[in-house]
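Chain by chain, the residues:
Number of protein chains: 2
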Amino acid sequence: MEHVDVVVIGAGLAGLSAARMLTRAGKTVAVLEARDRVAGRNHGAVFGNGVPIEMGGQWVGPGQDAVLALIDELGLKTYPSYDSGAALTYYDGAAHRYDDASFGLPEPDAVEAGRVWEAITALAERVDLETPWTTSGAEDLDRQTFDQWLLGETTNALVIRFFRLIVPALFSAEAHELSLLHFLFYMKSGKSLDVLVATTGGAQESRVIGGTHRISERMAAELGDAVRLDTAASGITQSDAGVVVDFDGGTICADHVVVAIPQTLAGRLRYSPPLPAARDAVTQQFPAGSVIKFNIAYPTPFWREDGLSGFVMSLDHAFNVVLDNSPHDESCGVLVGFLEGRHARASSELTAEQRRELVLGDLVDYFGERAAKPIDVLEKDWNAEEYTRGCYGGRLAAGVWTNYGKAVATPVGRIHWAGAETSDVWNGYMDGAVRSGYRAAAAILDATA
Amino acid sequence: MEHVDVVVIGAGLAGLSAARMLTRAGKTVAVLEARDRVAGRNHGAVFGNGVPIEMGGQWVGPGQDAVLALIDELGLKTYPSYDSGAALTYYDGAAHRYDDASFGLPEPDAVEAGRVWEAITALAERVDLETPWTTSGAEDLDRQTFDQWLLGETTNALVIRFFRLIVPALFSAEAHELSLLHFLFYMKSGKSLDVLVATTGGAQESRVIGGTHRISERMAAELGDAVRLDTAASGITQSDAGVVVDFDGGTICADHVVVAIPQTLAGRLRYSPPLPAARDAVTQQFPAGSVIKFNIAYPTPFWREDGLSGFVMSLDHAFNVVLDNSPHDESCGVLVGFLEGRHARASSELTAEQRRELVLGDLVDYFGERAAKPIDVLEKDWNAEEYTRGCYGGRLAAGVWTNYGKAVATPVGRIHWAGAETSDVWNGYMDGAVRSGYRAAAAILDATA
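As they're listed, the protein sequences go chains A and B. Under our numbering, think of the first position of the first sequence as 1, with each following residue one higher. Under our numbering, think of the first position of the second sequence as 1, with each following residue one higher.
Just so you know, the hints here were simulated from the structure itself, not pulled from any lab data. Quick reminder that beta carbons are idealized off the backbone N, C-alpha and C, glycines included. Any given hint could be a false lead.
Claimed, not checked - Chain A regions said to be covered by chain B (calculated; three or more residues, Cβ under 8 Å):
1) 144 to 155
2) 174 to 188
3) 258 to 271
4) 384 to 390
As the list claims (entries may be wrong) - Subject to a maximum C-alpha distance of 30 Å in a straight line, what follows is the list of computed DSBU-like cross-link-like pairs (lysine-lysine):
5) A:Lys406 - B:Lys406
6) B:Lys380 - B:Lys27
7) A:Lys380 - A:Lys191
8) A:Lys191 - A:Lys373
9) A:Lys380 - B:Lys380
10) B:Lys191 - B:Lys77
Stated by the list, open to error - Chain B residues, not near chain A, derived (Cβ > 10 Å throughout):
11) Ala86
12) Glu112
13) Arg126
14) Glu174
15) Arg228
16) Thr264
17) Asp280
18) Ala288
19) Ser290
20) Gly307
21) Ala318
22) Val364
23) Asp381
24) Asn383
25) Glu386
26) Arg414
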């Protein structure tokens with residue numbers, strides 16, 4: 001039977017980062033990828049006019065040092081996301097234009113939103129990032145959903161609606177679908193709520209020329225034949241002697257394995273011996289968010305002529321988070337937006353044509369009639385993807401962190417867990433994925449030194 | 001390739017009930033069972049003294065017409081659970097004896113608990129059992145966890161602690177791990193909270209002589225060679241022509257397939273074409289409860305001498321729900337009890353010896369020093385079982401019913417879903433499992449009539 005030092009399951013950023021680090025340290029590696037492409041939740045597409053566009057994770061920003069260094073090492077370039085002009089918040093039947101910290105809310109509501117925002121920020125600072133379940137008061141923070149906390153914190157209806165939009169914008173899940181502790185952990189993991197929602201100075205600051213999938217493609221090119229596409233792993237057998245990984249049509253043995261696929265999918269491999277109960281339970285309780293992403297191309301970024309940045313949040317619509325996603329060379333105008341959480345679930349029951357109408361109708365409400373005439377519309381439903389089953393990432397409902405947190409990233413013998421959801425820094429982001437790959441690789445190198 | 005009319009995956013009550021009904025209607029059936037035994041979450045064990053004892057689901061009661069009729073058809077007998085004498089509720093460092101509706105709580109707290117109990121009962125009556133997501137106010141009921149509702153309903157600390165024990169006693173999950181809507185649905189599904197917690201007149205009224213696993217064993221005996229043990233299914237391919245089911249070492253084709261395993265495990269099969277997003281999401285969000293069950297044998301049921309029924313609830317201990325589980329012939333005394341929810345998770349990190357000490361120590365607090373000298377102790381950690389991965393059953397966290405409820409029991413082409421969690425009547429109970437098997441079989445018979 002074929003033997004390598006390490007088998008990596010999944011050729012997304014986490015798996016490829018691990019494989020690259022291991023290979024550079026002299027290990028032999030095989031990366032098994034179920035799809036016919038690498039890059040996982042990064043995915044490059046091309047508009048009819050030839051302009052490349054990201055249908056998956058696409059932004060990087062300050063503090064994301066691991067992925068930024070990797071981008072640089074691989075000879076890729078970033079450029080700033082478009083972030084000039086006024087933003088819009090739509091509520092109560094009208095668009096509200098703003099270019100300050102008000103998010104377009106009326107003065108008293110903006111003040112109250114700011115107060116809640118500060119309360120979150122202060123709470124998040126308390127979280128012990130490496131072991132959230134040991135945070136002071138963790139039991140109480142984890143017993144509540146974020147929505148529950150929000151309702152206890154404010155009675156302002158508009159502010160409640162506003163945060164019930166912010167949560168899906170970050171998690172593709174509703175405010176009641178995650179625990180307060182998970183929300184706070186995630187905030188601190190990406191530094192702060194301020195940083196997570198910001199473009200300039202924040203998590204949406206920059207884009208990669210040509211698309212973020214190129215990061216994975218360049219790593220895969222370095223790894224050459226070690227990356228095996230169309231090779232879905234199905235099981236892992238572990239013994240004192242090593243691991244044997246089953247895949248469609250074969251088996252391969254190794255000293256260690258890195259499972260670098262989303263947690264919910266990691267539960268779908270068959271393990272022998274079976275995983276410990278707590279580790280199995282993690283895979284039962286790390287559901288992915290729900291999102292359908294759209295990129296809509298226009299001849300020009302016409303909204304800029306009106307002094308708009310393209311950034312919209314709407315408390316009234318389904319297609320409720322929109323940004324300017326025009327390419328680096330400004331060869332056309334692009335708006336990107338998302339159907340998130342409950343809106344993704346409801347709209348997945350529509351036909352593609354109905355969804356397109358819904359999206360364009362909402363854009364007309366934001367930007368006027370010119371929005372009704374795109375030159376191309378691209379859609380990606382990440383929940384329908386067999387080998388992802390949801391984006392942006394997994395989140396933890398009330399109770400999971402305190403019961404099972406320990407099992408998320410702790411190796412089980414020769415099995416190491418990677419993926420954006422296993423990182424304590426920039427959890428859920430591309431940077432977290434890269435860091436998780438390095439962490440898993442370093443643990444294997446330590447064990448074999 | 002071998003062909004049968006219907007393949008059933010899972011030889012628990014749901015799968016075997018479906019197979020039996022289909023066979024009686026003239027269909028050829030193959031039942032694929034991963035384990036080396038049938039009966040799933042029913043499991044018979046034997047004490048050192050030869051007395052059989054149930055390590056899984058064990059009680060039946062009035063209103064559970066499907067399973068009661070089946071027991072009768074199969075020539076099995078039931079007998080009443082022991083339910084004479086006083087019960088104990090332990091809190092604030094002492095046991096409180098009662099034989100009324102007070103649950104041993106002090107008068108004012110008992111009154112408040114009764115008021116909350118009535119509020120739950122009234123709310124549950126509103127639930128639309130067949131389609132809980134269309135219940136009036138479903139969005140609001142599903143947005144809250146049960147714990148959140150409880151905290152809004154009462155400020156009585158003892159009453160809060162009491163209901164935070166009742167919930168794991170029913171779900172093996174904590175009050176914040178399920179939505180209010182799920183709790184209410186489950187109550188109404190089993191008629192009412194009164195019925196679910198009661199012995200005489202309720203869900204714990206009767207036991208099956210020899211153990212509940214005999215129900216499955218007798219059905220399997222009828223089905224003969226159609227039941228294939230040690231045959232773990234791994235995937236289902238569906239086309240216009242039929243289905244092909246992959247299992248360890250082979251494949252079998254059929255016109256229809258019944259997936260009669262817990263929802264969380266149903267997600268671990270590989271489906272071609274992939275399941276619709278909403279159906280996949282159900283399997284990501286139907287985690288099983290956490291329970292370690294103990295049966296402790298004594299020479300005699302000595303607690304009866306003190307006028308005790310053996311029923312204990314404790315707000316102070318980990319091993320906090322205990323009942324008399326002595327055999328029909330009273331050839332020895334048996335106490336059954338549970339480490340549930342967070343206590344199961346925490347105690348799973350102990351050694352078996354430490355857990356035994358914990359359990360016996362708690363029993364001594366309830367019943368005195370005689371409890372320290374059992375003749376046998378049997379333990380079953382259902383979360384460690386590869387082909388169950390948790391008991392009593394799956395539950396739905398906040399938001400899941402309203403987003404995905406429709407997908408729980410709706411067939412996907414030729415694939416039918418069965419199992420206790422897919423039943424609208426006695427959901428999560430043996431009776432619900434049997435009904436779900438009949439429902440799936442009837443749908444197939446309808447489709448092929």
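Hints and how they fare:
Here the segment 144 to 155 of chain A counts 4 residues with a CB under 8 Å from a CB of chain B, which clears the bar of 3, and the coverage holds. Here the segment 174 to 188 of chain A counts 3 residues with a CB under 8 Å from a CB of chain B, which clears the bar of 3, and the coverage holds. For a cut-off of 8 Å, the count of residues in the segment 258 to 271 of chain A with a CB near a CB of chain B stands at 4, and the three-residue condition holds. With 4 residues bearing a CB less than 8 Å from a CB of chain B, the segment 384 to 390 of chain A meets the requirement of three and the coverage assertion stands.
For the hint pairing Lys406 (chain A) with Lys406 (chain B), the CA-to-CA distance comes to about 34 Å; that exceeds 30 Å, so the pair is violated. About 36 Å separates the Cα atoms of Lys380 (chain B) and Lys27 (chain B), which puts this hinted pair outside 30 Å; it is violated. For the hint pairing Lys380 (chain A) with Lys191 (chain A), the CA-to-CA distance comes to about 29 Å; that is within 30 Å, so the pair holds. With a C-alpha separation of about 39 Å, the suggested pair Lys191 (chain A) and Lys373 (chain A) falls outside the 30 Å cut-off, and the hint is violated.
For the hint linking Lys380 (chain A) to Lys380 (chain B), the alpha-carbon distance of about 45 Å lies beyond 30 Å, and the restraint is violated. For a cut-off of 30 Å, the pair hint linking Lys191 (chain B) to Lys77 (chain B) stands: about 24 Å separates their Cα positions. At roughly 33 Å, the least C-beta separation between Ala86 (chain B) and chain A is larger than 10 Å, which holds for a residue marked as non-interface. Look at Glu112 (chain B): its CB is around 21 Å from the nearest CB on chain A, clear of 10 Å, so calling it non-interface holds up.
With a cut of 10 Å on Cβ distances, Arg126 (chain B) stays outside the contact zone with chain A, its closest approach being about 20 Å. Against chain A, the non-interface label of Glu174 (chain B) is violated: not every CB pair exceeds 10 Å, the least being about 6 Å. A cut-off of 10 Å between C-beta atoms confirms that Arg228 (chain B) is not in contact with chain A; the least separation is 18 Å. Non-interface call for Thr264 (chain B) relative to chain A: violated, since the shortest CB-CB distance, roughly 5 Å, does not exceed 10 Å.
Separation of Asp280 (chain B) from chain A is inadequate, the least Cβ-Cβ distance of about 6 Å not exceeding the 10 Å criterion. For Ala288 (chain B), the condition that its CB be more than 10 Å from all CB atoms of chain A is violated, with the nearest at approximately 7 Å. The beta carbon of Ser290 (chain B) sits about 7 Å from the closest Cβ of chain A, which is not more than 10 Å, so the claim that it is off the interface is violated. Non-interface status of Gly307 (chain B) relative to chain A is upheld: no Cβ of that chain comes within 10 Å, the nearest being about 38 Å off.
Look at Ala318 (chain B): its CB is around 14 Å from the nearest CB on chain A, clear of 10 Å, so calling it non-interface holds up. For Val364 (chain B), the shortest C-beta to C-beta distance to chain A comes to about 27 Å, beyond the 10 Å cut-off, and the non-interface label holds. Residue placement check: Asp381 (chain B) does not keep its beta carbon more than 10 Å from all beta carbons of chain A (closest about 7 Å). Consistency note on Asn383 (chain B): stated as away from chain A, yet its beta-carbon is not over 10 Å from all of that chain's, at 4 Å minimum.
Distance check for Glu386 (chain B) against chain A: the nearest CB is about 4 Å away, which does not clear 10 Å, and the non-interface claim fails. No beta-carbon of chain A comes within 10 Å of the beta-carbon of Arg414 (chain B); the shortest separation is about 19 Å.
The structure fails to meet hints 5, 6, 8, 9, 14, 16, 17, 18, 19, 23, 24 and 25 from the earlier list, while all remaining hints are met.
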